[in-house]
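**Q** If you want the building blocks of each chain, they are given just below.
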Amino acid sequence: MRLSVLLFAYYRELVPAPSVELEVRSGATVREAIARLREMPGWEGLPEEPTVAVNREYSRPDRELHAGDELALIPPVAGG
Amino acid sequence: MKATGDRTKVPTGDPDPCSVSARITEEPIRTDRLLDLGSRADGALLLFVGRVRDHNDGRSVARLRYEAYAEMAERELEAILREAADRCEATRIEAVHRTGELEIGEASVAIAVVSPHRAAAFEASRYVIEEIKKRLPVWKREAYADGSDAWVRAASDAPPR
Chain A
0 MRLSVLLFAY YRELVPAPSV ELEVRSGATV REAIARLREM PGWEGLPEEP
50 TVAVNREYSR PDRELHAGDE LALIPPVAGG
Chain Z
0 MKATGDRTKV PTGDPDPCSV SARITEEPIR TDRLLDLGSR ADGALLLFVG
50 RVRDHNDGRS VARLRYEAYA EMAERELEAI LREAADRCEA TRIEAVHRTG
100 ELEIGEASVA IAVVSPHRAA AFEASRYVIE EIKKRLPVWK REAYADGSDA
150 WVRAASDAPP R
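Quick note, the sequences are listed as chains A and Z, same order. Taking numbering that gives the first Met the number 0, the leading residue of the first sequence gets 0, the next gets one more, and so forth. Taking numbering that gives the first Met the number 0, the leading residue of the second sequence gets 0, the next gets one more, and so forth.
Certain hints may be false.
What the hints assert, rightly or not - A few chain Z residues facing chain A, derived, Cβ under 10 Å:
#, residue
1, Gly57
2, Val108
3, Lys133
4, Trp150
Stated by the list, open to error - Only some residues are given here: those of chain Z computed to face chain A with a beta carbon under 7 Å:
#, residue
5, Glu66
6, Tyr68
7, Arg74
8, Ile131
9, Lys132
10, Pro136
11, Val137
12, Lys139
13, Val151
14, Arg152
It is worth saying that the hints were derived from the structure and are not from the lab. Just so it is clear, CB atoms sit at the ideal spot from N, CA and C, and this is done for glycine as well.
Using the sequences and the accompanying hints, generate a full structural model.
**A** If you want it as structure tokens, here you go:
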């Protein structure tokens with residue numbers, strides 16, 4: 000399935016685009032999606048387990064992804 | 000999360016009487032409006048305002064840009080406020096975080112807590128700002144006096160290069 004990964008702050012500027020498209024199997028875990036992303040040119044330096052959100056909630060790496068899920072990479076936050 | 004022995008709130012099993020409001024906005028924060036909250040039973044109203052500072056890490060800052068994952072940030076901020084409400088005997092907690100371009104001195108975040116007594120207000124306010132710093136999906140780009148700019152980041156968690 001095709002997955003759109005939302006990007007913010009310097010992840011967004013790295014591409015540069017507000018999201019990046021990934022092809023993963025249905026039921027793939029967050030960890031697998033990140034591994035796929037790290038194979039893409041320019042993304043080798045992405046941590047193996049970056050902070051991510053699925054459907055707007057912080058998520059663990061073993062969470063399974065399904066069509067329509069909203070996956071987002073969350074760079075280190077700096078609010079306040 | 001449930002209240003524990005070292006907290007000010009005594010678990011009663013009743014529904015939480017504290018109402019919360021969480022907002023992410025591009026509009027300037029009207030901190031004066033937050034001074035009208037609460038009722039005659041509330042002896043304490045505590046307002047914390049975080050403002051844009053003219054320096055950071057020894058560099059002179061000209062202005063800031065905040066970017067948020069707005070849909071998630073509002074939801075996460077509300078979760079933080081509910082956690083604070085569970086920990087303290089507050090009656091109303093409101094928090095607003097600004098996004099977009101901010102000048103020096105402008106409010107980037109405001110937290111208002113209303114409660115019968117001061118201890119709960121201080122505790123809730125402190126909890127909310129510390130959790131915002133840890134969890135709210137908001138990022139800050141600093142523009143410096145010398146014309147350069149950079150994302151503010153934790154040194155321990157470097158982004159891809």
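**Q** Evaluate each hint against the coordinates.
**A** Evaluated hints:
For the restraint placing Gly57(Z) at the interface with chain A, the shortest Cβ-Cβ distance is roughly 17 Å, beyond the 10 Å limit, so the hint is violated. With a cut of 10 Å, the hint placing Val108(Z) at the interface with chain A holds, because the nearest CB-to-CB distance is about 6 Å. Interface hint at Lys133(Z): satisfied, since its Cβ lies 7 Å from the closest Cβ of chain A, which is below the 10 Å cut-off. Residue-level restraint check for Trp150(Z) holds (minimum Cβ-Cβ distance to chain A is 5 Å; threshold 10 Å).
Nearest Cβ of chain A to the Cβ of Glu66(Z): about 6 Å, under the 7 Å cut. The hint holds. With 7 Å as the threshold, the beta carbon of Tyr68(Z) comes within range of chain A, its nearest partner Cβ sitting at about 6 Å, so the hint holds. Satisfaction of the interface hint for Arg74(Z) is found here, the shortest Cβ-Cβ separation to chain A being roughly 6 Å, below the 7 Å cut-off. Interface hint status for Ile131(Z): upheld, as the beta-carbon distance to the closest one in chain A is roughly 5 Å, under 7 Å.
Taking 7 Å as the C-beta cut-off, the interface hint given for Lys132(Z) holds, the closest approach to chain A being about 5 Å. Proximity of Pro136(Z) to chain A holds as hinted, the smallest CB-CB distance being about 5 Å (cut-off 7 Å). The criterion of a C-beta within 7 Å of any C-beta in chain A is met by Val137(Z), whose closest approach is roughly 3 Å, and the hint holds. Here the hint on Lys139(Z) is kept, as its CB sits about 4 Å from the closest CB of chain A, short of 7 Å.
Because the closest C-beta pair between Val151(Z) and chain A is about 4 Å apart, less than 7 Å, the hint holds. With a least beta-carbon distance of about 5 Å to chain A, the hint placing Arg152(Z) at the interface is held under the 7 Å criterion.
Hint check: a violation occurs at hint 1 only; the rest are consistent with the structure.
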